[in-house]
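Colleague: Chain by chain, the residues:
Number of protein chains: 4
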Amino acid sequence: MSLIQQKNSVNSWLEFYSQVRHESVLICEPLEIEDFCIQTMPEVSPIKWHLAHTSWFYETLILKPFLVGYKEFKPEYEILFNSYYESLGPQYPRHQRGALSRPTVEEVFSYRKHIDVHMAELLLQVDSASREIILSLVELGLHHEQQHQELMLTDILHIFASNPLKPVYTSSVSMRPHRVGRYKVAGTKWLNYEGGLTVVGNQSTEFVYDNEEPAHNVYLEPFQIASRPVLNGDYLEFVESDAYQQPSYWLSDAWRTIQQEKWQAPLYWQKDEGEWRQMTLSGVEDLDKDAPVCHISYFEAAAYARWKSLSEPGVRLPTEEEWESVAFNMAVQGNFRNLKSLRPMAATVLEDANQPSQMFGDVWEWTQSAYSNYPGYHAAKGPLGEYNGKFMSGQMVLRGGSCATHADHIRVTYRNFFYPHERWQFSGFRLAKDVK
Amino acid sequence: MSLIQQKNSVNSWLEFYSQVRHESVLICEPLEIEDFCIQTMPEVSPIKWHLAHTSWFYETLILKPFLVGYKEFKPEYEILFNSYYESLGPQYPRHQRGALSRPTVEEVFSYRKHIDVHMAELLLQVDSASREIILSLVELGLHHEQQHQELMLTDILHIFASNPLKPVYTSSVSMRPHRVGRYKVAGTKWLNYEGGLTVVGNQSTEFVYDNEEPAHNVYLEPFQIASRPVLNGDYLEFVESDAYQQPSYWLSDAWRTIQQEKWQAPLYWQKDEGEWRQMTLSGVEDLDKDAPVCHISYFEAAAYARWKSLSEPGVRLPTEEEWESVAFNMAVQGNFRNLKSLRPMAATVLEDANQPSQMFGDVWEWTQSAYSNYPGYHAAKGPLGEYNGKFMSGQMVLRGGSCATHADHIRVTYRNFFYPHERWQFSGFRLAKDVK
Amino acid sequence: MSLIQQKNSVNSWLEFYSQVRHESVLICEPLEIEDFCIQTMPEVSPIKWHLAHTSWFYETLILKPFLVGYKEFKPEYEILFNSYYESLGPQYPRHQRGALSRPTVEEVFSYRKHIDVHMAELLLQVDSASREIILSLVELGLHHEQQHQELMLTDILHIFASNPLKPVYTSSVSMRPHRVGRYKVAGTKWLNYEGGLTVVGNQSTEFVYDNEEPAHNVYLEPFQIASRPVLNGDYLEFVESDAYQQPSYWLSDAWRTIQQEKWQAPLYWQKDEGEWRQMTLSGVEDLDKDAPVCHISYFEAAAYARWKSLSEPGVRLPTEEEWESVAFNMAVQGNFRNLKSLRPMAATVLEDANQPSQMFGDVWEWTQSAYSNYPGYHAAKGPLGEYNGKFMSGQMVLRGGSCATHADHIRVTYRNFFYPHERWQFSGFRLAKDVK
Amino acid sequence: MSLIQQKNSVNSWLEFYSQVRHESVLICEPLEIEDFCIQTMPEVSPIKWHLAHTSWFYETLILKPFLVGYKEFKPEYEILFNSYYESLGPQYPRHQRGALSRPTVEEVFSYRKHIDVHMAELLLQVDSASREIILSLVELGLHHEQQHQELMLTDILHIFASNPLKPVYTSSVSMRPHRVGRYKVAGTKWLNYEGGLTVVGNQSTEFVYDNEEPAHNVYLEPFQIASRPVLNGDYLEFVESDAYQQPSYWLSDAWRTIQQEKWQAPLYWQKDEGEWRQMTLSGVEDLDKDAPVCHISYFEAAAYARWKSLSEPGVRLPTEEEWESVAFNMAVQGNFRNLKSLRPMAATVLEDANQPSQMFGDVWEWTQSAYSNYPGYHAAKGPLGEYNGKFMSGQMVLRGGSCATHADHIRVTYRNFFYPHERWQFSGFRLAKDVK
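Chains as they are written, first to last, in the numbering used here: chain P, 1 to 436; chain Z, 1 to 436; chain G, 1 to 436; chain E, 1 to 436.
None of these hints come from the bench; they were simulated from the model. Bear in mind the structure is a predicted one, so any value in this text is a computation, not a measurement. Incorrect hints may have been included.
[Stated by the list, open to error] Computed footprint of chain Z on chain P, listed as stretches where at least three residues anywhere in the stretch have a Cβ under 8 Å from a Cβ of chain Z:
hint : segment
1    : 76–87
2    : 134–148
3    : 211–224
4    : 367–376
Using N, Cα and C, we set each Cβ at its ideal position, and we do this for glycine too.
Let the sequences and hints guide you as you build the complete structure.
Modeller: This is the structure:
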């Protein structure tokens with residue numbers, strides 16, 4: 001059941017809207033004004049840009065067309081905070097977002113307030129002829145904002161990690177007791193799946209993105225999947241086997257990347273006096289060997305699998321269809337943003353022999369599937385058609401959400417996608433294996 | 001039946017070897033020495049480099065390990081003519097191949113002769129204990145050389161097209177009569193396919209590359225496929241609709257590319273006094289509107305399909321599995337290199353209502369499938385494992401061979417792959433369509 | 001007489017120190033915190049970086065070596081705020097200064113306060129054996145800070161001009177009445193100079209940089225110099241003559257630059273509905289045709305002179321020696337930062353027939369002299385030797401100070417230098433002419 | 001006396017023309033066709049381009065305007081072989097000259113023959129009204145060709161040195177006996193010069209470039225100059241003192257260059273099993289420690305001088321005016337191209353206590369003078385004005401000619417110029433010293 005059905009009273013819509021909007025503000029609480037302004041690589045956006053862009057989304061797609069008499073907050077924002085919607089006009093260049101000292105953070109918060117007031121006004125107009133379309137756009141807008149909330153966290157981490165002073169975003173007390181009491185982590189097991197004809201893609205009436213549809217049959221060969229993601233401790237072995245100097249493990253594009261970028265280890269790992277440590281949202285900490293490896297590119301995930309397959313033939317990454325068939329009946333539970341750990345954590349419950357653990361939360365899991373359209377896919381009409389469809393080249397699918405994803409924002413059919421060299425997301429992976 | 005079985009006498013092996021090797025020389029006949037030396041973009045290799053590298057392949061993988069007492073032609077060639085085999089040591093940088101005036105063309109031909117003499121010697125040793133492995137490597141080497149023969153033609157065209165003097169490679173008389181008598185080409189029809197569970201991948205015992213295996217089941221939704229490729233005349237409409245200025249048709253990566261590269265039309269098209277003309281291996285000629293469009297990137301193929309889908313919903317590119325299921329029982333016949341037209345041509349036979357035309361030959365057809373491993377794929381051991389497997393990221397699959405492909409080198413399961421922005425190959429496309 | 005002699009009491013030193021330090025703070029008054037953080041091109045530094053670096057200069061060169069028991073404010077600052085002093089250790093990369101959200105602006109001001117307290121402590125130690133060397137370093141540090149004050153203004157203008165919102169730094173009331181009552185500007189006249197043997201370089205005992213010494217003889221041919229700088233109105237003619245499309249006026253390097261950078265006019269000029277306007281520290285304003293043209297590269301100055309020479313043979317830029325000989329006996333007066341106009345202004349007094357006007361202040365004047373050492377030049381020992389000497393290649397000399405230069409910081413022998421393509425400084429030019 | 005006066009008979013002009021033209025052909029004798037075609041860096045031109053461009057110069061500036069009824073060889077050459085003359089229309093991009101396999105070398109030689117035939121026709125028209133202007137253009141064309149002859153040699157060396165096979169251009173027997181019998185080289189001495197008012201620039205009526213005029217007074221402080229250039233042995237000490245890792249010796253721009261380009265030693269030096277060797281036109285040879293160091297950038301020359309000045313204060317590079325005043329009365333003799341050694345050589349005669357040796361020939365000597373116009377300089381009208389004037393920014397002056405310069409092409413006032421980072425010319429340097 002979609003939110004549109006679920007939250008059918010005015011109040012519940014206003015409540016949900018306010019709640020999501022407030023979450024963006026909460027994420028900013030530990031920040032200094034200076035932290036809102038900078039862009040440490042082209043893929044990172046300044047935090048204030050995220051705050052403004054998510055507001056622009058409502059203004060441009062909902063308020064301007066549907067709220068009679070609405071006056072835009074500032075005409076220049078139309079271009080300034082358009083991310084990539086060609087159908088909505090020109091965009092301020094992405095890689096120069098960090099060149100804007102103005103609007104100030106305060107002005108951006110005023111902009112948010114302006115949007116919120118008018119969105120409330122619109123949401124209270126319960127008898128609008130466009131009620132249904134408005135609500136579906138609001139729902140999309142809220143999911144869009146939740147996505148940006150995750151990006152805000154990944155961007156904050158990049159901004160802080162780029163700084164030799166290594167600032168701390170959160171002291172993250174919530175995770176401490178958690179780890180103290182955890183059960184001993186058992187070794188990774190291979191779990192068997194029969195494959196065969198399976199349905200992939202959304203079959204519910206809940207909100208999903210267009211790229212999760214239509215549901216369709218796929219035929220899967222029998223396969224095995226690892227009972228848990230690859231851990232820091234596992235990956236450390238790979239790093240210390242001199243893997244970043246061995247071309248044979250790496251895809252051709254990957255090898256070029258690690259040569260050019262001089263990669264030696266996952267992003268945010270650093271070696272201090274012989275010990276590997278890791279920059280996190282809580283500052284630089286010792287590597288937790290039992291936690292899933294994170295800030296890994298597809299290239300690194302694929303190289304690890306290739307390395308592993310030398311001793312254990314058939315090891316590889318799962319396809320997104322395999323991943324979805326494994327996760328199909330599992331509860332969508334895990335270490336999400338809601339838990340406030342803001343880092344992947346070691347598993348804390350006894351592992352169930354029949355179910356893989358940590359499928360949801362902790363780290364997005366790279367699959368070996370290139371991001372493409374499902375058979376019968378139709379991009380939405382108008383600007384929303386640009387939301388997902390135009391990125392269907394050159395990127396790989398990740399599944400399952402991460403410790404920076406809101407629990408309300410993830411589902412078994414959710415398809416995230418990034419370029420194979422990108423690794424500033426909370427991205428890790430899990431192995432699969434062919435069955436002869 | 002593989003060549004190893006087919007050509008089981010010494011003579012037939014020597015004959016096949018000589019024939020393929022000679023073909024490389026024949027391709028060079030129209031060239032001046034100057035044409036062998038230059039590199040007009042990083043993806044292009046000097047023709048003499050192709051001639052040497054294909055010889056290096058036999059020397060390194062066959063002669064050095066298997067011919068007792070073999071002395072290498074020149075020690076420096078080991079690095080100089082290694083393309084990308086990390087397991088065979090360092091490689092001279094690809095983008096600097098055009099910086100080598102030496103070895104001269106004559107020296108390269110001497111190198112070829114040296115290799116040929118010793119390969120003959122080895123092929124005559126019929127009772128070698130390694131006979132079978134040698135023959136399988138020879139077979140691979142010959143297929144490898146056939147691939148490079150196609151690349152030589154695409155590179156010659158790029159070299160000539162880059163030159164304001166627009167040299168002519170071949171007067172191409174062979175195609176003239178051909179076009180005079182051709183039947184009127186009927187309009188494109190949509191042909192129906194039921195889909196369902198289908199086997200994809202090699203099931204024969206013939207020679208195939210490792211990436212064509214293993215055969216496996218896939219489930220296909222019902223679909224339609226166009227009875228012929230998109231033609232120059234079709235694509236011209238797209239170009240003249242101002243499509244290269246309309247971001248909405250293009251993938252995000254594509255739009256960036258056409259902005260940066262200032263693309264306005266397919267590669268090798270030029271507008272002379274209001275008329276579109278096209279550089280070919282026969283020089284600049286009028287655009288043949290009935291011939292398949294060629295020198296098209298995946299980005300352009302996808303944009304065309306998107307544009308078409310606005311008026312005809314459901315239009316898209318086929319997947320490689322759809323393409324293979326369509327071609328499965330068709331004869332592998334068409335306008336191949338053997339015909340010496342060296343250009344895509346208009347269809348010349350009455351179209352069969354039940355079969356698509358020009359599936360093989362004329363132009364490689366882009367599919368919407370990212371190049372990846374089939375389920376259960378295992379890369380070959382050793383250097384040959386680098387032949388296909390390490391390119392499985394960022395590239396798209398093309399099917400069916402082109403007018404520059406040798407008829408002996410193509411088959412229904414053959415998977416070619418290039419990056420989505422590349423378009424100096426003889427690449428075009430055919431449309432598919434969803435069935436509601 | 002140097003400051004060391006002039007201000008020989010403890011009080012006058014403290015006073016001078018406090019006054020210059022306070023000026024840096026005053027310049028920041030109109031800024032929002034966001035304005036302190038960003039870097040809009042590699043040559044621009046974040047304003048908070050300037051504030052910290054000028055403090056680092058005292059800490060590193062004075063407090064650490066000379067104040068017993070001094071504890072550094074924060075060890076990381078040693079690298080973070082070193083600009084280019086190789087002899088003082090590694091430097092945080094210049095082009096990444098804008099990637100640092102921390103230290104915050106508040107922390108930087110604390111750093112300044114920390115330095116100021118300890119500098120006061122040191123300045124009060126009147127009987128130190130190192131008193132003289134300390135005072136000479138303080139003097140250098142204050143001149144260094146004054147230079148950075150000018151850079152802060154040029155960088156603020158660049159930061160604001162890069163922003164589509166075009167923020168206003170100062171409402172600049174001080175200049176308004178000024179222009180109302182100004183005298184009519186007479187036409188430019190050529191003033192004659194006899195040349196001959198002339199002394200160039202510092203002959204006083206005042207503070208100067210090492211690059212202004214030693215004084216030495218030069219022989220000048222007779223020449224003429226323009227009675228005033230080239231004005232916006234003059235330069236507008238050049239722009240509107242289509243000069244930026246005419247290769248013949250431009251140096252070879254210049255033509256490459258304007259092609260690559262797509263220059264059409266001086267930096268900060270923009271055409272709004274057919275009218276040229278100009279971004280200034282007071283926002284976008286109409287072009288004042290009587291004010292000296294500003295934000296001009298050497299390339300543009302040289303092209304203008306070349307263009308002018310077509311109608312008036314012998315016109316060119318002056319050499320720095322000619323400029324100095326003209327300015328030699330003139331009072332160092334003009335439109336400096338002290339006047340708070342912060343822009344070049346039209347001349348406001350009746351022109352003296354015998355003296356060129358606006359030699360000092362308004363705009364730095366490009367000369368045709370490459371920046372090099374005077375005969376007999378010796379770079380200072382130690383880190384101070386890096387202050388000027390290592391920049392003696394590829395740059396051109398500018399003379400006379402600008403509206404952003406403090407009146408205390410300029411003198412007739414002062415040599416400023418920038419690359420010929422740089423134009424974000426307050427730089428303009430004046431013409432000279434050969435005498436047949 | 002200019003050639004126009006000297007060679008006043010038809011025969012002597014034809015002879016001189018033929019002789020210079022033939023020299024270009026002779027230089028190509030050791031080359032394979034492949035060697036004519038490639039471009040190993042943007043600054044290098046293919047040898048066949050030099051051959052064509054020098055011919056284009058006569059065709060465009062002389063034959064087209066002055067030979068009635070002249071038909072151009074091929075219209076496309078007008079653009080293809082224009083180097084940088086904006087006033088003569090568009091130019092094929094310099095960095096893509098290596099992308100042209102056609103015209104073939106044979107066609108280029110036909111082009112040369114075509115030009116030569118028509119130039120002979122024109123030179124025989126002794127009573128042409130334009131005789132004088134034609135002859136002055138011919139004279140310029142021949143000097144232009146001599147310059148390109150030197151560039152051909154430097155480019156051939158770059159092309160061969162870029163090749164791992166290290167081809168040999170000439171066995172260079174001419175130099176062997178030469179070195180066997182040479183006198184012991186005495187140590188470097190400092191020679192004193194009084195300075196004072198001196199005339200610099202051309203005072204003769206011989207042919208000179210416009211940039212050597214007008215003659216003008218300069219005032220020189222007293223100085224010393226080294227009796228010979230810096231030798232390989234001297235420079236080796238610098239290299240082995242770890243100088244390329246010591247930022248303090250280097251100009252700021254230089255340090256950036258050596259970091260980016262990873263310079264460790266002069267161009268063409270290589271360390272083989274602990275021994276420094278050097279690629280030359282005779283292949284890789286042991287470093288001749290008594291020969292002048294060569295293939296040195298200005299950056300390296302300046303760093304060496306700075307390093308030397310630490311132990312011997314006042315050491316620096318000479319200015320071009322100092323160099324010219326030293327050379328003023330010396331015979332223009334030395335190791336030029338005519339001697340066919342094609343490399344700098346150790347001095348072979350007893351040194352004269354009163355005169356510096358090797359001022360002419362061997363290596364071009366970097367001066368510390370930026371290339372600029374002399375006072376009163378006027379660029380020639382029309383395309384010839386682009387010959388020298390538009391390069392007057394960012395480059396440094398070199399003096400004296402090299403082993404690749406023709407003896408007829410050098411004179412005491414000759415000013416060569418290159419960018420401070422360029423080092424593929426036969427460039428070295430000599431030290432000067434301040435006199436206290």
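Colleague: Indicate, hint by hint, whether the structure satisfies it.
Modeller: Do the hints match the structure? See the list:
1. 76–87: Holds: 3 residues of the segment 76–87 of chain P have a Cβ under 8 Å from chain Z.
2. 134–148: That given contact is violated, which follows from only 0 residues of the segment 134–148 of chain P lying within Cβ reach (below 8 Å) of chain Z.
3. 211–224: Per the Cβ count (7), the hint holds.
4. 367–376: holds (count 7)
Hint compliance for this structure: hint 2 is the single one not met.
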